[in-house]
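Asks: So the protein lines, in turn, are chains A and B.
Per the working numbering, residue 1 is the first one in the first sequence, and the count goes up by one each step.
Per the working numbering, residue 1 is the first one in the second sequence, and the count goes up by one each step.
What the hints contain is simulated information worked out from the structure, not anything from laboratory work.
Idealized CB from N, CA, C, for every residue including glycine.
Please note that the accuracy of each hint is not assured.
Facing chain B, a subset of chain A residues (Cβ under 7 Å, in silico) [unchecked claim]: (1) H53; (2) G54; (3) D65; (4) P67.
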Amino acid sequence: MTDDTFTTPREPQLIALNVNGEQHEVITEARRTLVDVLRHELRLTGTHVGCEHGICGACTVLVDDRPVRACLMFAAQAEGARIRTVESLADGSRLSDLQRAFSEHHALQCGFCTPGFLMLAEGFLAERPEATKEEIREVVAANMCRCTGYQTIVEAIDACATARRRACAQACHSKEN
Amino acid sequence: MKPAPFQYHRARDVAGAVRLLAELGDEAKAIAGGQSLVGMMNFRLARPHHLVDIGGLRELDRMHRDADGALRIGALTTHHTVESDPAGTLAQGFEVLRRAMAWIGHLPIRTRGTVGGSMAHADATAEWCLLAVLLDAEFVVRGPLGERTIAAGDFFLGYYTTALAPDELLVEIVFPRTAPHAALTEFAERRGDFAIVAAAVDLDVVDGAVRGGRVALGGVAAAAIRVPEAEAVLTGGGSFDACASAAAAAADPPGDASCGPLYRKELVRTLVRRACEEAMSR
Numbered sequence: 001m002t003d004d005t006f007t008t009p010r011e012p013q014l015i016a017l018n019v020n021g022e023q024h025e026v027i028t029e030a031r032r033t034l035v036d037v038l039r040h041e042l043r044l045t046g047t048h049v050g051c052e053h054g055i056c057g058a059c060t061v062l063v064d065d066r067p068v069r070a071c072l073m074f075a076a077q078a079e080g081a082r083i084r085t086v087e088s089l090a091d092g093s094r095l096s097d098l099q100r101a102f103s104e105h106h107a108l109q110c111g112f113c114t115p116g117f118l119m120l121a122e123g124f125l126a127e128r129p130e131a132t133k134e135e136i137r138e139v140v141a142a143n144m145c146r147c148t149g150y151q152t153i154v155e156a157i158d159a160c161a162t163a164r165r166r167a168c169a170q171a172c173h174s175k176e177n
Numbered sequence: 001m002k003p004a005p006f007q008y009h010r011a012r013d014v015a016g017a018v019r020l021l022a023e024l025g026d027e028a029k030a031i032a033g034g035q036s037l038v039g040m041m042n043f044r045l046a047r048p049h050h051l052v053d054i055g056g057l058r059e060l061d062r063m064h065r066d067a068d069g070a071l072r073i074g075a076l077t078t079h080h081t082v083e084s085d086p087a088g089t090l091a092q093g094f095e096v097l098r099r100a101m102a103w104i105g106h107l108p109i110r111t112r113g114t115v116g117g118s119m120a121h122a123d124a125t126a127e128w129c130l131l132a133v134l135l136d137a138e139f140v141v142r143g144p145l146g147e148r149t150i151a152a153g154d155f156f157l158g159y160y161t162t163a164l165a166p167d168e169l170l171v172e173i174v175f176p177r178t179a180p181h182a183a184l185t186e187f188a189e190r191r192g193d194f195a196i197v198a199a200a201v202d203l204d205v206v207d208g209a210v211r212g213g214r215v216a217l218g219g220v221a222a223a224a225i226r227v228p229e230a231e232a233v234l235t236g237g238g239s240f241d242a243c244a245s246a247a248a249a250a251a252d253p254p255g256d257a258s259c260g261p262l263y264r265k266e267l268v269r270t271l272v273r274r275a276c277e278e279a280m281s282r
């Protein structure tokens, strides 16, 4: 077996990551996934680890504004990209509109999947602010929730999107006047 | 689980990636989006000693049309880029590719997964492999001896096996002709799962009538296959039902824990008919 005779040097390497607008340098093994570096090296434990093979979506973060599975990406691959985690949503103790919508619509119970759903919705709505409820339903199928049955998650994301559109319309309207 | 240790190498250009792959030999693998490879490494189903990261090779992240209408997709184009088609490259003839993307995993998989990675991984049910076989795609690969082009029929050799040599890199996929009346559909146990069976058809429609076409299946053999028996029905003016039945009769699918061969044959019948009807409606 080549695996037994081959010894890969475990030299740690320096990885520079831009997370939530801050530049970090970590010294770690190449085999560390992005989610493990976020949690263990940067102590950003809001991002959760579930299945580690891209099925459950608990580890979803934004990489260059797009939702991705942080368990299916090595941290080294994320060098040079802008990473956003769930910790970036709230402003101090003030929750974001999306987080408040989740709370108001009871879109969480145990909360384990919630950071993944929040970042999935955050990335999706930024790209498709005009998303319909059907599109939202399709997109949240990417992540697993074993508590809510999804209905309340769809309603929370839809309510947030609707409120953002209304606010945008008012802002645009007042600007024109 | 966590991946076994490996050495990470970042390629700066295609020539550098090819040189690294040649130097490092069989124990090296190229990684693009990593949506299949990282999961396999997490479970130690794959234990490459070296990873050559080609993710930064921006020159491979592009889609454009040739003067003759052929579509050229760089290997690092993501499924999500194809799905959103920001420059309208797929208009007039390649909308089937854009629509087929919805079947690939979920949004956060499509934002990272690449066309070239999917082709090189060669899952027997992968949508891209099925589309390549259906539409006679050509694979442009670069190795230490230069560039060569491989036809789709010669590229997929079996389960997770392609004609790519260990030191060759897939750089571009060419779809030589438009497919205005084409469709892909599939069935999986859950939305976003690997298909149990996938079917795709590309009809030749002249003055509103079907004059022939191509029929391809995934999930019924070690790689995506064309079904000449079903294509003959289309050429002979037969109905979509007859075409679907011919495909089901010709398919010799394997059985596994999730379903047996007879169930897969029934799926072939249903999905080929659905794909024909959708293709015709375009």
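Asks: Next step is simple, just say for each hint if it's right about the structure.
Replies: Status of each hint after checking the structure:
1. This hint holds: H53 of chain A has a C-beta 4 Å from the nearest C-beta of chain B, less than the 7 Å allowed.
2. Nearest Cβ of chain B to the Cβ of G54 of chain A: about 5 Å, under the 7 Å cut. The hint holds.
3. About 9 Å separates the beta-carbon of D65 of chain A from the nearest beta-carbon of chain B, more than 7 Å, and the hint is not met.
4. Interface hint at P67 of chain A: satisfied, since its Cβ lies 4 Å from the closest Cβ of chain B, which is below the 7 Å cut-off.
Of the hints listed earlier, the one the structure fails to meet is number 3.
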